[in-house]
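Numbering (my numbering), first residue to last: 1 to 152.
These aren't lab readings, by the way, just hints derived from the structure by calculation. Idealized CB from N, CA, C, for every residue including glycine. Be aware that one or more of the hints could be misleading.
[As the list claims (entries may be wrong)] Below, a list of computed lysine-lysine pairs in the DSS-like style, where the Cα atoms sit at most 25 angstroms apart: (1) Lys-126 with Lys-145; (2) Lys-136 with Lys-126; (3) Lys-152 with Lys-100; (4) Lys-126 with Lys-78; (5) Lys-105 with Lys-136; (6) Lys-126 with Lys-152; (7) Lys-152 with Lys-140.
[Unchecked claim] FRET-style restraints, in silico, Cβ to Cβ: (8) Gly-45 with Lys-140: 18 to 28 angstroms; (9) Ala-35 with Thr-150: 31 to 41 angstroms; (10) Pro-91 with Pro-143: 16 to 26 angstroms.
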Amino acid sequence: MKISSMRLINVALVSAVTVSWSMALFVTPASAQAATLYDELGQQGGISKIVDETVTLVLADERIKTSFKDTNIKRFSKLLKEQFCVVAGGPCEYSGDEMKIVHEKLGVTSAHFNALAEDLQLAMEKCNIPFSVQNKFIAKLAPMKRDIVTGK
Numbered sequence: 001m002k003i004s005s006m007r008l009i010n011v012a013l014v015s016a017v018t019v020s021w022s023m024a025l026f027v028t029p030a031s032a033q034a035a036t037l038y039d040e041l042g043q044q045g046g047i048s049k050i051v052d053e054t055v056t057l058v059l060a061d062e063r064i065k066t067s068f069k070d071t072n073i074k075r076f077s078k079l080l081k082e083q084f085c086v087v088a089g090g091p092c093e094y095s096g097d098e099m100k101i102v103h104e105k106l107g108v109t110s111a112h113f114n115a116l117a118e119d120l121q122l123a124m125e126k127c128n129i130p131f132s133v134q135n136k137f138i139a140k141l142a143p144m145k146r147d148i149v150t151g152k
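Given the sequences, and given the hints that come with them, work out the whole structure.
Listed below in structure tokens is the structure:
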């Protein structure tokens, strides 16, 4: 029994449509893919708010505010935004110097580092960043401690 060419074309089309529909059910569109840490922090706008809030808290924090008395706060904020964006996997470039070089003569202690980390976490809470996202971000920043803490 021969299958006509028209019938063969119909079978091929039905098969193609069936495969396409099946794939549509199992393939996740790009817009529905898991959010990156950069996305979870609110991208550039969210990171900017977090840094602004962190800097406000740091400058009011009795434990560390004097450490920033000679700091160009505008530049510090800009660099912190760049660095946070890079650490979060965003499309940014950090234009500052290496952490080890910047902090080597500042005498930053573990207590200073921890105070800033606490201020950052408070800032993220104020910016409504979920606790799980805060933890992911802090975990990415934590390895910098060895380059930043130079004092006792």
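So, going through the hints one by one against the coordinates:
no. : hint                                    : verdict
1   : Lys-126 with Lys-145                    : holds, 24 angstroms
2   : Lys-136 with Lys-126                    : holds, 17 angstroms
3   : Lys-152 with Lys-100                    : holds, 16 angstroms
4   : Lys-126 with Lys-78                     : holds, 20 angstroms
5   : Lys-105 with Lys-136                    : violated, 29 angstroms
6   : Lys-126 with Lys-152                    : violated, 31 angstroms
7   : Lys-152 with Lys-140                    : holds, 24 angstroms
8   : Gly-45 with Lys-140: 18 to 28 angstroms : holds, 19 angstroms
9   : Ala-35 with Thr-150: 31 to 41 angstroms : holds, 36 angstroms
10  : Pro-91 with Pro-143: 16 to 26 angstroms : holds, 22 angstroms
Checked against the numbered hints listed earlier, the structure breaks hints 5, 6; every other hint is satisfied.
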